[in-house]
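Please arrange chain B on chain A, whose structure you already have, making use of the hints.
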Amino acid sequence: NAGVTQTPKFQVLKTGQSMTLQCAQDMNHEYMSWYRQDPGMGLRLIHYSVGAGITDQGEVPNGYNVSRSTTEDFPLRLLSAAPSQTSVYFCASSYQRGGTDTQYFGPGTRLTVL
Amino acid sequence: KNEVEQSPQNLTAQEGEFITINCSYSVGISALHWLQQHPGGGIVSLFMLSSGKKKHGRLIATINIQEKHSSLHITASHPRDSAVYICAVLPIPNFGNEKLTFGTGTRLTIIP
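So the sequences go chain by chain: A and B.
So in this note's numbering, spot 71 of the first sequence is number 71, and the numbers just go up one at a time.
So in this note's numbering, spot 19 of the second sequence is number 19, and the numbers just go up one at a time.
Next up, chain B with everything else stripped away, as it sits in the complex:
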């Protein structure tokens, strides 16, 4: 069983819809990352969080450490949000290696 599970695997929505992508993990963590992989392949870091909530523009990331769960929300979705969204966690203990464990990603398609 993968330590990091994302749902849904694929998501298609109409432009303007509110989007939620989920990430669940099975181990204790010290940090969680949300990444965006563009259709062209490039990967961009969106958020790094260890508690609470972070917001950047139309993107909001939340994490519940007790429930081992994080969500990425997109408000007023736009076709340019179409991408693969990847969750990654830093497990503890990590013995100083700081090796991230990655989910397999959620492919989001926004239809105009």
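Bound-form chain A, shown alone:
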């Protein structure tokens, strides 16, 4: 199993550009989530999904969109990038609902918005 994969590993954007961070898992996990990690702060939940076709907002959803058309994939879209979105982004998955089961994390995407 590849586990949770994320692409790209690094990305530099200009303010106003849009892009999609890709996340995929091959463990048949129903629960997937996106976090951002900023210096001096704990991981913060952006969006999550409890299954294909079902998504919901987390703690910091503004400026981001998600969709879940398949169990495997959970892309995160930045609609119009802002410097405040400079961060490291992690995708995670778990078999059962997120907090009640072991979390599997992707390797992260380091995003810089100029």
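Hints are supplied without guarantee of correctness; some may be wrong.
Distance condition first, Cα-Cα at most 35 Å in a straight line; then the derived DSBU-like pairs of lysine-lysine [stated by the list, open to error]:
| hint | chain 1 | residue 1 | chain 2 | residue 2 |
| --- | --- | --- | --- | --- |
| 1 | A | Lys9 | B | Lys99 |
| 2 | A | Lys9 | B | Lys54 |
| 3 | B | Lys68 | B | Lys53 |
| 4 | A | Lys9 | B | Lys55 |
| 5 | A | Lys14 | B | Lys99 |
Residues from chain A shown here face chain B by an in silico Cβ test under 10 Å; the list is partial [said to hold, decoys possible]:
| hint | residue |
| --- | --- |
| 6 | Gly40 |
| 7 | Phe90 |
| 8 | Arg110 |
Read the hints as simulated data drawn from the structure, not as lab findings.
Idealized CB from N, CA, C, for every residue including glycine.
Chain B in isolation, oriented as in the chain A frame:
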């Protein structure tokens, strides 16, 4: 005030020392997670516990629900244990959302 507080923020120790990292939280919880973030950035789940104690190799995690406190211990520490250790809790009630709240992490450095 963060719902999850970890101490110390930074810890440097000699190889072989017994390590303790603490996590205190202010709300009722149904589960607590310990995660390890490698220097390269990857995050790995170490433990999930809701009561008592769990052990895996040289790592031991304990939780005291009444005192709202958990500890992560590392015995016979090794330079490869150098990482950031993150505590996360699942607060109750959570209305079925199961959203974890994360601490800011403890950076551990083990010197050979």
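Inset, instruction - Compare the structure with the hints numbered earlier in the document and write down the numbers of the violated ones, lowest to highest. - result: Result: no hint breaks.
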